[in-house]
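Residue numbers (the numbering used here), protein chains in the order written: chain A, 1 to 500; chain B, 1 to 500.
FYI, nobody ran anything at the bench for these hints, they're computed from the structure.
Honestly, I wouldn't trust all of these hints.
Note that the list lumps identical chains together, so a pair holds whenever it fits in one copy or between two copies.
[Unchecked claim] Restricting the straight-line Cα-Cα distance to at most 27 Å, the calculated cross-link-like pairs of lysine-lysine (BS3-like) are: (1) Lys-93 to Lys-489; (2) Lys-415 to Lys-178; (3) Lys-240 to Lys-273; (4) Lys-252 to Lys-79; (5) Lys-415 to Lys-482; (6) Lys-87 to Lys-176; (7) Lys-259 to Lys-57; (8) Lys-489 to Lys-415; (9) Lys-482 to Lys-395; (10) Lys-490 to Lys-415; (11) Lys-237 to Lys-248.
Just so we're clear, the structure is a prediction, and the values are computed from it rather than from any experiment.
Residue-level listing of the chains:
2 protein chains.
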Amino acid sequence: MYSLLFPFQCLPFSFLILFISVSSSPHNTPRLRLHHEKIRRAPSDTESASLVSENLKTYFYTQTLDHFNYNPQSYDTFKQQYIINFKYWDGAKSNAPFFVYLGAEAPLVWDLPTIGFLPDNAPRFKALLVYIEHRFYGKSIPFGSMDKAMGNESIRGYFNSAQAIADYAEVILYLKRKLHAQNSPVIVFGASYGGMLASWFRLKYPHIALGVLASSAPILYFDNITPQNGYYSIVTKDFKEASKTCYKAIRKSWSEIDKVASRPNGLSILSQKFKTCAHLNRASELKDFLETLYARAAQYNQPPEYPVTMICSGIDEASEGSDVLSRIFAGVVAYFGNMSCYDTNMLDYSPEIIVGWSWQRCSEMVMPIGRGSNDTMFPPSPFDLKQYVKDCIRKYGVSPRPHWVTTNYGGHGIKLVLHRFASNIIFSNGLRDPYSSGGVLEDISDSVVAIHTTNGSHCLDILAADESDPKWLTKQRKEEVKIIQGWIKKYYVDLLALKQ
Amino acid sequence: MYSLLFPFQCLPFSFLILFISVSSSPHNTPRLRLHHEKIRRAPSDTESASLVSENLKTYFYTQTLDHFNYNPQSYDTFKQQYIINFKYWDGAKSNAPFFVYLGAEAPLVWDLPTIGFLPDNAPRFKALLVYIEHRFYGKSIPFGSMDKAMGNESIRGYFNSAQAIADYAEVILYLKRKLHAQNSPVIVFGASYGGMLASWFRLKYPHIALGVLASSAPILYFDNITPQNGYYSIVTKDFKEASKTCYKAIRKSWSEIDKVASRPNGLSILSQKFKTCAHLNRASELKDFLETLYARAAQYNQPPEYPVTMICSGIDEASEGSDVLSRIFAGVVAYFGNMSCYDTNMLDYSPEIIVGWSWQRCSEMVMPIGRGSNDTMFPPSPFDLKQYVKDCIRKYGVSPRPHWVTTNYGGHGIKLVLHRFASNIIFSNGLRDPYSSGGVLEDISDSVVAIHTTNGSHCLDILAADESDPKWLTKQRKEEVKIIQGWIKKYYVDLLALKQ
Numbered sequence: 001m002y003s004l005l006f007p008f009q010c011l012p013f014s015f016l017i018l019f020i021s022v023s024s025s026p027h028n029t030p031r032l033r034l035h036h037e038k039i040r041r042a043p044s045d046t047e048s049a050s051l052v053s054e055n056l057k058t059y060f061y062t063q064t065l066d067h068f069n070y071n072p073q074s075y076d077t078f079k080q081q082y083i084i085n086f087k088y089w090d091g092a093k094s095n096a097p098f099f100v101y102l103g104a105e106a107p108l109v110w111d112l113p114t115i116g117f118l119p120d121n122a123p124r125f126k127a128l129l130v131y132i133e134h135r136f137y138g139k140s141i142p143f144g145s146m147d148k149a150m151g152n153e154s155i156r157g158y159f160n161s162a163q164a165i166a167d168y169a170e171v172i173l174y175l176k177r178k179l180h181a182q183n184s185p186v187i188v189f190g191a192s193y194g195g196m197l198a199s200w201f202r203l204k205y206p207h208i209a210l211g212v213l214a215s216s217a218p219i220l221y222f223d224n225i226t227p228q229n230g231y232y233s234i235v236t237k238d239f240k241e242a243s244k245t246c247y248k249a250i251r252k253s254w255s256e257i258d259k260v261a262s263r264p265n266g267l268s269i270l271s272q273k274f275k276t277c278a279h280l281n282r283a284s285e286l287k288d289f290l291e292t293l294y295a296r297a298a299q300y301n302q303p304p305e306y307p308v309t310m311i312c313s314g315i316d317e318a319s320e321g322s323d324v325l326s327r328i329f330a331g332v333v334a335y336f337g338n339m340s341c342y343d344t345n346m347l348d349y350s351p352e353i354i355v356g357w358s359w360q361r362c363s364e365m366v367m368p369i370g371r372g373s374n375d376t377m378f379p380p381s382p383f384d385l386k387q388y389v390k391d392c393i394r395k396y397g398v399s400p401r402p403h404w405v406t407t408n409y410g411g412h413g414i415k416l417v418l419h420r421f422a423s424n425i426i427f428s429n430g431l432r433d434p435y436s437s438g439g440v441l442e443d444i445s446d447s448v449v450a451i452h453t454t455n456g457s458h459c460l461d462i463l464a465a466d467e468s469d470p471k472w473l474t475k476q477r478k479e480e481v482k483i484i485q486g487w488i489k490k491y492y493v494d495l496l497a498l499k500q
Numbered sequence: 001m002y003s004l005l006f007p008f009q010c011l012p013f014s015f016l017i018l019f020i021s022v023s024s025s026p027h028n029t030p031r032l033r034l035h036h037e038k039i040r041r042a043p044s045d046t047e048s049a050s051l052v053s054e055n056l057k058t059y060f061y062t063q064t065l066d067h068f069n070y071n072p073q074s075y076d077t078f079k080q081q082y083i084i085n086f087k088y089w090d091g092a093k094s095n096a097p098f099f100v101y102l103g104a105e106a107p108l109v110w111d112l113p114t115i116g117f118l119p120d121n122a123p124r125f126k127a128l129l130v131y132i133e134h135r136f137y138g139k140s141i142p143f144g145s146m147d148k149a150m151g152n153e154s155i156r157g158y159f160n161s162a163q164a165i166a167d168y169a170e171v172i173l174y175l176k177r178k179l180h181a182q183n184s185p186v187i188v189f190g191a192s193y194g195g196m197l198a199s200w201f202r203l204k205y206p207h208i209a210l211g212v213l214a215s216s217a218p219i220l221y222f223d224n225i226t227p228q229n230g231y232y233s234i235v236t237k238d239f240k241e242a243s244k245t246c247y248k249a250i251r252k253s254w255s256e257i258d259k260v261a262s263r264p265n266g267l268s269i270l271s272q273k274f275k276t277c278a279h280l281n282r283a284s285e286l287k288d289f290l291e292t293l294y295a296r297a298a299q300y301n302q303p304p305e306y307p308v309t310m311i312c313s314g315i316d317e318a319s320e321g322s323d324v325l326s327r328i329f330a331g332v333v334a335y336f337g338n339m340s341c342y343d344t345n346m347l348d349y350s351p352e353i354i355v356g357w358s359w360q361r362c363s364e365m366v367m368p369i370g371r372g373s374n375d376t377m378f379p380p381s382p383f384d385l386k387q388y389v390k391d392c393i394r395k396y397g398v399s400p401r402p403h404w405v406t407t408n409y410g411g412h413g414i415k416l417v418l419h420r421f422a423s424n425i426i427f428s429n430g431l432r433d434p435y436s437s438g439g440v441l442e443d444i445s446d447s448v449v450a451i452h453t454t455n456g457s458h459c460l461d462i463l464a465a466d467e468s469d470p471k472w473l474t475k476q477r478k479e480e481v482k483i484i485q486g487w488i489k490k491y492y493v494d495l496l497a498l499k500q
C-alpha cells in the first residue's frame, strides 16, 4: 500500500458523488464533500452549468498540443474550454482586472459551482471572471475522447503540468488581446493541484499573472522535501485532537480487523458487521475504505459539520461495552447516516478524474506519501519509489520522472530561493488539512506570503462565503482580499508612472 | 531581403573563419572577429582545446531529449558535452560559487577561448568554471550526426531554447549533487543568443541560478517590441559618427552598383572593380557582401582597431576624385588588407552554425529585423513576416511561432513586469552594437540592472581583459564584478540566517 489513495481533490460538491467503482488501484484521488447528506450521483454538465449562473459564457480556444517542440505533431491542436463571466467587469478602458481560475484535475464545470471566492469578490474588484479547463479533462480532451487520447502513448505524453500552464498563458494572452485589455492586471487562482499550477504559473509567467492565490497547494510534497508521513501524521493529529479515545479505537482497529479476517468465516463476519453491500473478498477492502474515510474526513474537515468530529462522536458514543469494530462501524454510520448497506467503493472517485490523475501521478506528480511504523494511527506503509516506478511502467510503459517537478519548478530551499526573487503569491492553508504538511507555511518575503488557519481544512478559503462561516475563515478571506487589493493598487501606480 | 543575414554570434576568434560558402540563404548569422588579420580557417577541436587551457576536463551528461512530455520518444537521451575547470574552485565546504557559461549556437570549444570574463574572475571568486554545450551543436547532437538529427522532422523538433535551458538546469543540478555543493551559489553567463538564454534561465529557474550576466542579449527584438529598423539604424549611426563622408558614400553606393550592373557587361565591370574571386552573377551578391561587412564591422566595432573606423578611413582616404565604387572598394581593402581577390562568400559562416541556427530562426527565434525607406544608409528591406513564414514552411514543413518567445519568456512591458519581480540580472550592452537596439538599456529595479557603454560593441565585456582595453571597458567589467559580489554576499548572509 505504498501509494495509498491520494486525497488530493479540492473542491467539494454539495453532494456526495457516488460512482461505480472504477478501479481498486491505490491511485485514487478523492473528490468529495464528506458529510452525511443523502448520497447522490455526479452532476451532468447541464446540471452543473445551471448550478452556476446564467452569467457564464462558454468558449473554446484552439490550443496547441505541444508548446515546447516543433515536431509536426506538436502543431496539432485541440479545443480547450474556457468560461467567462462578464457581469462584474468594468472593462478594458479602466484596466479592470481579470480573475482567472486555473482548472485542475476535473471537468471545469464540476469546479465552477464551488469556487465561490471569485464571484464573491468580483463586484468589489469589478473583475472579469475567467475559468479555464485543464487539458485532458472535461471538454478539453485532445482528439475528442479520453479513450482515444489516453490509449495512445504518443498523445497522452502531452498531458502534463508544463503544457497545461502554457495553455493558460496562451488563453489569457489571447483574451487580453481580444478584449483590448493589455493593461488589465491578471490575478490567478488555483486550489489543491490547481493551486500548485497557480503558484508555478506566477513563477514561470510573471509577465502574464500579476499575482496568485494558491489555496492548499502542497508544492513541497515532492522529492522528499516533506517527510513521507506528513500527510497521515496530520490525519492522525486531527483525530487525536477531536477525541483521544476515538483515535485509540482507530489505531487499535486495524489489527482487530486482521484478527477477525483470519478466523474461519472471518470475512463474512466483517461483511456483516460493516453491512457491506458486497461480500468482502479481502480484509484490505475494508481497511482501504476506512483509511480513505478518515483521510477525507480530515482533509475536508469543514465547518459547520466537522466530519472528523462527526466520526469520532459515532465512535465515542457507541453503546458502552461495544467491541472496537462495533465502535468503528458506529463511526461509519455517524458519518454516512443509516444506510441499508455500505459500499466500500463509494469513496472511489469518478472515471473523469481517475483516468487522468492516474496518468499524471505516473508521469510527473510523484508525491512520496507514506507511513512508518507507529508514526500515525494507521498501519505502516512506507512509500516505495522502486515499486511505484515499476507499477507505472507496467501500466503505461514509461517511467515517472520523480525529480522533474523540483527541477522545473523548484521546492528545495524555497525560502532561500524566493526570498529575493518573485513576488505576489499567497500560499493559503488550513493546518488541519493533511496536505498542509507539504504546503508553504511561512512567509518567504513581504509579498510571497503564507496565510494559514489553525482549524482550516483543504481549500476552505476559496469556497463561497457563507453566513455560518466561523470568524477565522472570514478573517482569512478578508486578509487575502486586502493583499490582492494591494498588488493591484501598486500595479496601477507603476502603470501610471511608466505612462508619464 | 526581408530577413537579411542576422549578425548574431557573439564571440570573435583571434582569426577570421573562412569557410566554403554554405548557403546563400539570407538566414546567415555571422560569427567573426572583424579585423584585418590574415584570414584563417576555423579551428579544429584539438586546436580549440589547446587554445584554452590544460585545466579543462571534458565530460558528457546523459541528457533527456524531451523534458516537457512523456511520450516514449521523450525518454530518448543524447550525450551533452560540458567542460569543467576545477583550478580555482574553493570547494563545496566553503560553498564556493559555480560560474556557468551557457553554450549558444556554436560548438562549445569554439566559444571557450573567448569567454575570458570567467577565467579572469574565477580566482577572485574561487569559482568552479562550468561550460555547457547547447543541444544540437558541437558534440551534443542527438543521434550522433547533424545530418541525421536535422534530417528527421521529429528529432529536430526538440531543438529549441526551452529544451536547451532545461538541459542546463539538469546538468547544473546534477553537478551540485555530485560535488556535494548544494549550497554553492550559481552565477550564469551568456552572450548574444546565449545571453538571452541566460536571462531566461534566471527567470525560469531562479532556484538554480542565483544571478545572471546576460551580455548583449537582444531579448526585446521579438514580436515587434523593438522597431524593425533598430539594428540597421545603429549600423548607420555608427558609420555616420565615424565619418559623415564615409556614410554618404555608402548610402550612395547601392544605386551606383545597380546602375553599373544594369549596363552591358556591368557585372564584369563590378567583378573587376571589386576583385571578386568568382565572377558576379547578380548585383545582389556584391550588395549582400558589403551589407554584411558593414553590419559586422558595426557589431564587432572593437577597440583597438574599431573596424568601422578602419573601413571609413579606407573610403575617405581613397585618392581624390575617385568614383563612389572605387572608394567603397578602398574600404573593403582597408578592412581585409590587400588580397589577390575577394571572395564575396567569405563572410558566410560555418555549417556548424548555419544548419542549426537556420532551424532555430525558422522555429522560434523570429526576430523581425528590417529597414524602411531612407531610415538607414541601406536600401529599404522591410521585414515581411508572411514571406518569412512561407520560406520556413517550404524549408522545414512547419511554421515558425513568432509569438512564442514573448508568450513563454515575456518582453512586452518588461519594466512593469519585472520591476517588482525577479532579481539579480545584469543586462550589459555596448551602444554601438546594432543588437543593443533590442537589449534592456534601462534599470528595471535595484537588482535587475542595465549596464551599457556608449562606445561598446557586441559582447565586449565578456571577453578576456587586455592591457590595451579602454578605461570605459575596464570600468564596465569592474562594475559587473562588484554587482555579482553583492549577490553572492547577500546569498551567504541569507544562507547563514536560515541555518541558524
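Check: Hints broken by the structure, by number, lowest first?
Finding: Those not satisfied are hints 4, 7, 9.
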